[in-house]
Each structure stands twice: as structure tokens, then as C-alpha cells.
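Undergrad: Using the sequences provided together with the hints, build the complete structure.
Protein chains: 2
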Amino acid sequence: MKDISIGIIGGTGGMGRIFADLFRREGYICLVSGRKRGPDITTMAEQCQVIIVSVPIGITAEVIEQVGPLMKKDALLMDLTSLKTEPIKAMLQSSPAEVIGLHPLFGPGVASIAGYTICICPARGERWIAWVRGIFTKHGAILIETTPERHDELMSLVQALNHLNSITMGMVLSAWGVDLAELRRFATPMFNTKLAIIKEVFTNNPRLYAEIITLSPHIGRIIELYGRALSELETLTKERDAEAFTALMEKRSLWRA
Amino acid sequence: MKDISIGIIGGTGGMGRIFADLFRREGYICLVSGRKRGPDITTMAEQCQVIIVSVPIGITAEVIEQVGPLMKKDALLMDLTSLKTEPIKAMLQSSPAEVIGLHPLFGPGVASIAGYTICICPARGERWIAWVRGIFTKHGAILIETTPERHDELMSLVQALNHLNSITMGMVLSAWGVDLAELRRFATPMFNTKLAIIKEVFTNNPRLYAEIITLSPHIGRIIELYGRALSELETLTKERDAEAFTALMEKRSLWRA
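Keeping their order, the protein sequence lines are chains A and B. Heads up, my numbering is the position in the first sequence plus 1, with the first residue counted as 1. Heads up, my numbering is the position in the second sequence plus 1, with the first residue counted as 1.
These are computed hints drawn from the structure, not numbers from a lab. Some hints here could point you the wrong way.
Where chains are identical, the list cannot tell them apart; a pair therefore holds if satisfied intra-copy or between any two copies.
Mimicking DSS-like on lysine-lysine, the simulated pairs with C-alpha atoms at most 30 Å apart in a straight line are [unchecked claim]:
(1) 90 to 252
(2) 200 to 74
(3) 90 to 37
(4) 139 to 239
(5) 239 to 74
(6) 252 to 74
(7) 239 to 37
(8) 239 to 90
(9) 252 to 37
(10) 37 to 74
Since the structure is predicted, the reported quantities are computational estimates derived from the model, not experimental observations.
TA: What follows is the structure, encoded as C-alpha cells:
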């Protein structure tokens, strides 16, 4: 199967480049297009048996609807988006090709995919799935397969809630008007770890985090539960009731005995 | 000065033990008392030139008021509490001794104090401060000196806000009813880091974190700002407006250009 060509739309971005490098190291021809360079979508669809859409979430459906109809039935269409339900629905509706949704559960800063998790949602066809599993497993990735809906639910916690949590803390620090250098002098190791995460979210592609949050299908419920938790804690802090506060933590612990 | 004796009330607890070990390695006699063992407070005050109160925040003032009046003018009274204004006020009011407030900015799990920060609030007297600075510096600690009020303000961000942030996220995860093992399979590296912090707060001495939050003099204002941030983000998620969400993040960033 070494004579197949892979096209990555958005393959000049961080995550696309990781996969382009991986396919090239495996000896495949890999065409890559960025916003302003590389082959156009028609050329990609003509020359490639496998197309991977790796563009920002907000324009993923649009790109899928352009490339999907140009693909053949025995081709493979995949995406790398942090959400799976909507992109997979768009791939199934717009294209006759086989469809697999992918979500690499790591950032573009990793040296290789070895030891990292890739979530796979097989959606149509049996021809390509073994090839996809094989190539990622060979490079040391941990594969988990699930439905798009279950993926999106778990990711609403792993990503949307997590980033929302970092952003609220960052906004309070900013609203307080404290000097970052002074804050760092007084930091505990735990605070330093949190601050590094908050910095990553605020400075390294805030648009991605904003899209993960605003487009999450469960964000309404998450913010509702978040507000409710805050309000319960507020009541106990107003009463300065450390005992009831501790009891609440023990009752709401994920590690409850 | 090697013939001085140091008494640590609460010295059988994690943090007290770190300091007891350090003083003993320096050749000092170190008496240690726990809730149910070791010399009583009167014996401690009679035999020791230096007393360190290392008990939970909630009973710190009470213990200070017991030991403080029994101490001599040329003795040294210190505490290790996460708050400084109230304990230092209690030490100054109840005792004729010299007073220094200490706050080690690390947890009891560290192997040694080397490389970690200790915050020092000198409050009364000149006799002991050089000795205190000398012994911690010799063991590699980074010392920062400030006023109790400034300490408590910065710690309301470094500790109270930080732990509140971890607890709200933990409560939402728990309320969602997700299985911890499944969540871990889908975790990103960033989520794993957050989850480790949340686990630490919920399982390793939740009472301490509850006291840091409920007794923080700035917690009211922190929760107000926290709720306001959440409410601003909620509005933008309801509108699914990733662009305005990104713009808000850039406006409220600590790393604003």
C-alpha cells in the first residue's frame, strides 16, 4: 500500500505537520496544504486516496463539505478535530468515502506520538481501519476507540471544563492587578504548575481553546454545574465554616472511599 | 548558640517534622509535641528559647494564646501557618517574646527545604532574625521577607484562589458522574496534571485546604471576581461566539503584550 498518497489539508499547522512527518517517514507521498500554499482542494482529492482535514474547528465542516464530494468511495476521509460528532456527521453526509474521525489527545509540541493517546471513531467502511490502527500503533501511540458522542462527552470534561477552569483562574489573577514577577516569587510548586497551564491556554493559541469551549455540546451543563459548585462553596466561606467545607469536599470527591 | 532548645508544638505533623529534623541536624535540642504526646505547653515554654507553633490554622490562635504568655522577653515565638496577619497579631498580643511569622511555601512531602521558598514576616525584636535567616539559608531555602498583610494578599491568590479553582473543577467532575478510570484513558497530558493537583487537594488533608480558603481575608473578593469571570464566559458560550471569547481572553491575559 506504499503507493498511496495522503493529503493533509491544514498540514502546515502544528498538528498536521506531526502527522505529515509520520506518514513521510513511513514512505508515503504526503501532500500538504496551508491557508495560502500547497495544492488546492480539487488537486488533493484527485491525487490522494487518504485525506486528513486538520484545520481550526470553526471551519472544519466547511472544508469537509468542499473536499468530501470530490472523493471516491474507496478513499478515506479523516479529520483531527477536538470534537467528533459534528465533523463525522459532515464527513458522512458530504462524501461517499470511508470515514474515520481522529482526535490526537496531545498538543503539537510533542516530539513524537509515542506514548500519547489517539482517539479513533470509525464511522464508515472496513477497508482502511486496520491500516490506520497499524501505522499509529507502530509509532507507539495508544489507541482508544469510541463513538463520537461518548468522545464529545468525555472531552467536554477533559478539555472544555479543564480550559474553562484555567481561564477563570487566569481572569481573576488578571482582575486582581497583581504583578506577575511578584506573584512568581511567592509561588508554591502547585501554583507554578497551574500558572504554566494558564499561560499555555492564554498565550499559545487562545482561539483553539475558545473554540473547544464555545463549540462543546455540553458546555451549558458544565457551566451550570460549575456555577452551582462555586455558589455552594461561597456560602460556606461566608460562614467561615471550614468543617462544613471539608465535609462538602469529602462528599463531592472523585476519590470517595 | 548551640545550647539553645527549640520546641515545636505540632512537631509530629508533616511540616513540623521537616523543621524538627533540620534543627536536630544542626545540633540543637528539639522538643516536639503532638496532640497526645510529648511535653506539655508549660514544659515547652520553660525549657525552650525558641517555640514554633505548627498546628492547624483553626487552632493556631488558641495555642499561641496558651504558650505566648509563658515565654520570656528574650525568647523567640514563631508559627508556620499559611496565614500571617492573625497569627502574628495573636503572638504580639499574648507574648512578651520576640516574634517572627514563617510560611514555608511548599508541602510536607519535600525531601529537604533546599530550593524551596520560606516567607518570613519579622514582627518584634532584632535578637533572633539573623539566626533564623542563617539556618534556613544554610539549608538552601530561598527567603522572602514581607509584611503579614502583603503575604496574606498574595497567598489569597497563590493558595486560596488556586485551591478553590481545583475544588470547583473536582466538584463538576464528581457531579458529572463519570468513571475515573475511563476519564484517565481519555486524558490529555494537561488534564492529567490538573487531575493530580485536584486529587492532592481532595485526598491529602482536605481540612488544610478548607481552612486556607475559608479563613483567607480576601476570599469574599476572590469569589466575587471568580463568579464575574464565569458569568462573562457563560454569556459568550451561550452565543457560541469563539471570536468574542478569544478577544476576552486576550484582554484579560496576565501576559498581555
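Undergrad: For every hint, state whether the structure bears it out.
TA: Right, here's what the structure says about each hint:
1. 90 to 252: Neither. Shortest intra-copy (39 Å) and inter-copy (35 Å) distances fail the 30 Å Cα cut-off.
2. 200 to 74: Classified as neither; 44 Å inside a copy, 48 Å across copies.
3. 90 to 37: within (27 Å within a copy, 65 Å between copies)
4. 139 to 239: Neither way: residue 139 and residue 239 sit 56 Å apart in one copy and 42 Å across, limit 30 Å.
5. 239 to 74: Classified as neither: same-chain Cα gap 63 Å, cross-chain 38 Å, threshold 30 Å.
6. 252 to 74: Classified as neither: same-chain Cα gap 53 Å, cross-chain 47 Å, threshold 30 Å.
7. 239 to 37: Cα proximity of residue 239 and residue 37: none, with 55 Å in one copy and 33 Å across.
8. 239 to 90: Between copies only: 22 Å across, 48 Å inside.
9. 252 to 37: between (54 Å within a copy, 29 Å between copies)
10. 37 to 74: Classified as within; 28 Å inside a copy, 77 Å across copies.
Checked against the numbered hints above, the structure breaks hints 1, 2, 4, 5, 6 and 7 and satisfies the rest.
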